[in-house]
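Asker: Read top to bottom, the protein sequences are chains D and S. Residue 448 is where the first sequence ends in full-length UniProt numbering, and the numbering goes up by one at each step. Residue 80 is where the second sequence ends in full-length UniProt numbering, and the numbering goes up by one at each step.
Derived EDC-like pairs: lysine to aspartate or glutamate, alpha-carbon spacing no greater than 20 Å straight-line:
(1) K2(D) with D52(S)
(2) K2(D) with E55(S)
(3) K323(D) with E74(S)
(4) K2(D) with E45(S)
(5) K350(D) with E362(D)
(6) K47(S) with E387(D)
(7) K4(D) with D52(S)
(8) K12(D) with D79(S)
(9) K2(D) with E32(S)
(10) K12(D) with E32(S)
(11) K12(D) with D67(S)
(12) K323(D) with D67(S)
(13) K4(D) with E62(S)
(14) K49(S) with E6(D)
(15) K202(D) with D149(D)
(16) K73(S) with E362(D)
(17) K355(D) with E55(S)
(18) K12(D) with E74(S)
(19) K429(D) with D419(D)
(20) K12(D) with E363(D)
(21) K12(D) with E11(S)
(22) K73(S) with E363(D)
(23) K12(D) with D22(S)
(24) K4(D) with E57(S)
(25) K2(D) with E62(S)
(26) K4(D) with E55(S)
(27) K73(S) with D327(D)
(28) K323(D) with D66(S)
(29) K429(D) with E43(D)
(30) K2(D) with E57(S)
(31) K12(D) with D66(S)
(32) K47(S) with E6(D)
(33) K4(D) with E32(S)
(34) K4(D) with E11(S)
(35) K323(D) with E57(S)
(36) K323(D) with E62(S)
If you're looking for bench data, these hints aren't it; they were derived computationally from the structure.
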Amino acid sequence: MKQKYERPTIRKMNTGLMNKFGTRTDFDPVESIDGVAVKDLVEQYGSPVFVLSEKQIRRNYQAALRSFKTRYPKVQFAWSYKTNYLNAVCKVFHQEGSWAEVVSGFEYHKALGNGVAGHQIIFNGPDKKEADLILAIENHSLIHIDHFDELYLLIQLTERINKTAKVAIRVNFDTGVYPIWDRFGFNYENGQAWTAINKIAKANKMELVGLHCHIGTFMLSTAAYAVAAAKLCQLALKCKNELQNPLQYLDLGGGFPSTNTLKGAYLPGVDTVPSVEDFAEAITNTILEAGFATNELPLLILESGRVLIDDAGYLIGSVLANKRLSDGRRATIFDFGINILFTSNWYDHKISVAKESGQYTEETVLFGPLCMNIDVIRESIMLPLLERGDQVVVHKVGAYNMTQWMQFINMRPAVVLIDQQVKSHLIRKPENLDYLEMMEVVPDYLKT
Amino acid sequence: MKLKANIATSENGFIFNPATGDSFTSNAIAAEILTYMKAGESETEIKQKILDRYEVELCQLERDWDDYMLQLKEANLLDL
Chain D
1 MKQKYERPTI
11 RKMNTGLMNK
21 FGTRTDFDPV
31 ESIDGVAVKD
41 LVEQYGSPVF
51 VLSEKQIRRN
61 YQAALRSFKT
71 RYPKVQFAWS
81 YKTNYLNAVC
91 KVFHQEGSWA
101 EVVSGFEYHK
111 ALGNGVAGHQ
121 IIFNGPDKKE
131 ADLILAIENH
141 SLIHIDHFDE
151 LYLLIQLTER
161 INKTAKVAIR
171 VNFDTGVYPI
181 WDRFGFNYEN
191 GQAWTAINKI
201 AKANKMELVG
211 LHCHIGTFML
221 STAAYAVAAA
231 KLCQLALKCK
241 NELQNPLQYL
251 DLGGGFPSTN
261 TLKGAYLPGV
271 DTVPSVEDFA
281 EAITNTILEA
291 GFATNELPLL
301 ILESGRVLID
311 DAGYLIGSVL
321 ANKRLSDGRR
331 ATIFDFGINI
341 LFTSNWYDHK
351 ISVAKESGQY
361 TEETVLFGPL
371 CMNIDVIRES
381 IMLPLLERGD
391 QVVVHKVGAY
401 NMTQWMQFIN
411 MRPAVVLIDQ
421 QVKSHLIRKP
431 ENLDYLEMME
441 VVPDYLKT
Chain S
1 MKLKANIATS
11 ENGFIFNPAT
21 GDSFTSNAIA
31 AEILTYMKAG
41 ESETEIKQKI
51 LDRYEVELCQ
61 LERDWDDYML
71 QLKEANLLDL
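Work out the full structure, taking the sequences as your base and the hints as a guide.
Answerer: What follows is the structure in C-alpha cells.
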C-alpha cells in the first residue's frame with residue numbers, strides 16, 4: 001500500500017534568542033462546524049460560504065445578559081443592526097429579548113419588518129431622513145439626537161405633525177481613550193450636551209427620556225466605560241435636580257471587543273481582551289454608586305454587536321493556487337479575499353485547515369482572488385501544506401463582514417445558519433448576475 | 001539538478017550548509033529526495049521512486065518538484 005503524500009518542502013532554521021511567549025501553530029483541523037461537516041457545507045452551498053452558529057449566538061447573548069443582570073436590576077440589550085442585519089440573525093436576537101438599535105432608515109424598516117415594536121427601536125446615527133424621523137415619532141421609537149441641526153428639525157417636525165417625540169441625546173466626552181470619538185453627539189466637557197438638553201426641555205413636544213454614548217469600538221479598556229458611565233450619571237442627576245426631568249434610561253452603547261487578534265498585537269486576543277464581565281463590573285458599579293435612589297435607578301441599555309456574534313461566524317473557503325514569490329516566500333491564493341472578509345484589514349484572523357494534514361508547516365502569505373495588490377488576508381501565517389481545492393475555516397468573522405462586504409470582481413457568497421438541532425439553513429442566497437444587474441438601467445440609445 | 005558537494009544531510013531531514021552556516025529542516029519526502037540526489041540518482045529515477053511509494057499523480061509531483069527545486073536554489077543548496 002502506498003504512503004500518504006505531502007509535497008516536499010524545507011524550512012530555514014533561525015538562530016537567536018527563543019521567543020519566551022512561544023507561538024503555537026494550530027494544526028488541529030476543523031472538520032465540522034456545530035456538528036455539520038465542512039465538506040457537506042461546501043457541497044451543498046458552494047465555496048466560499050459564511051456559516052453562523054445559532055447555538056453560539058444565543059450562548060453569547062445569554063452570557064452577556066447574565067453578566068449585567070447579576071450586577072444591576074434593570075438591563076436591556078438592543079441588537080446593533082449594522083453589525084449583522086441578516087433578518088435570520090436579527091430574529092434570533094429578538095427572540096432572546098433584544099430590542100433593535102438602528103442607524104439608518106433602511107435598518108429602521110428592517111427592524112419593523114422583523115416584528116420589533118416601534119417603542120423598542122433605538123434610532124441612532126447622524127443621517128436620519130425627515131420621513132424616517134416622522135415614522136419614528138409616530139411609532140414612539142427612541143430617537144437619539146446626534147447634532148443641533150437634527151434637534152431643530154425634530155422640533156419643527158413635532159410641531160408640524162403635532163406629536164411628541166421620545167428623545168435622548170448622544171453625548172461624547174473624554175474617557176481617557178484617544179482619539180476621542182467627538183464627531184458624534186454633543187460634547188460633555190464644553191457644555192454643548194447641557195445646552196442641547198435645555199433646548200429639548202423647553203421644546204413643547206419633546207420628551208427627554210434618556211442619555212446615550214458610544215465611546216469607541218473594540219475598546220480594550222474597562223476604565224473608559226467607568227468614566228463614561230460616571231459622566232452620563234452626573235448629567236442624568238443634573239436633569240433630575242435642575243430640570244425636574246428624571247431620565248428613564250442610560251444607554252452605554254457598544255464597543256466591547258471580540259477575542260479576535262488585532263494586527264500588530266503581540267499576544268492573541270483571547271489572552272488580552274477584557275471579558276463582558278469586566279465591562280459589566282466597571283459600568284454597573286459606577287451607576288450604582290452615582291447617587292440614584294434605589295427606586296429611581298435608570299434602565300441600563302447596551303448596544304453590543306461584535307462581542308455577541310463575532311465568534312459565532314465562520315468563513316469556509318478553498319485554495320485556488322499555490323505559488324512562490326520572488327523572495328522565496330510561499331503564497332496561497334484563496335477564493336475569498338478582502339471583498340468579503342473586510343475585517344482582515346485589522347485582524348489576524350485564525351485560520352484552520354478543514355481536514356487532517358501533516359504536522360509539517362510552512363510560512364505562507366495568504367492572498368484573496370481579486371486582481372488587486374491589496375487583497376492580502378494574512379501577511380504571514382504558519383499553515384500545514386495546502387493543495388488546490390483544500391478547504392480552510394476562518395474563525396470569528398460574524399461581525400461586520402456580512403454588512404461591509406463588497407460586490408467587487410466576485411459576487412457575495414451564500415450565508416448559512418446552523419440551528420440548535422444541527423440543521424443547516426440558507427439565510428442568504430449567493431448573488432448572481434441577475435441580482436447584480438437588477439438595479440441597472442441602460443438608456444434606449446445604447447440598447448442597439 | 002545536483003546538491004552542492006559540501007552540503008550535509010541527515011536521515012531525519014536536517015540540512016546544513018557549511019559554506020554559509022545556514023541550517024534547514026525538511027519534511028519526510030523532501031529528506032528522501034535529498035538522499036536520492038546525494039546518491040547521484042537522476043530526476044527521472046527519483047520521480048519514479050516517489051510515484052511508486054506515494055499516493056500522488058505525476059502532474060502533481062511535477063508541480064511540486066519544480067517548487068522544491070526552486071526552494072533548494074533559493075536556499076543556495078544546489079550546484080548550478
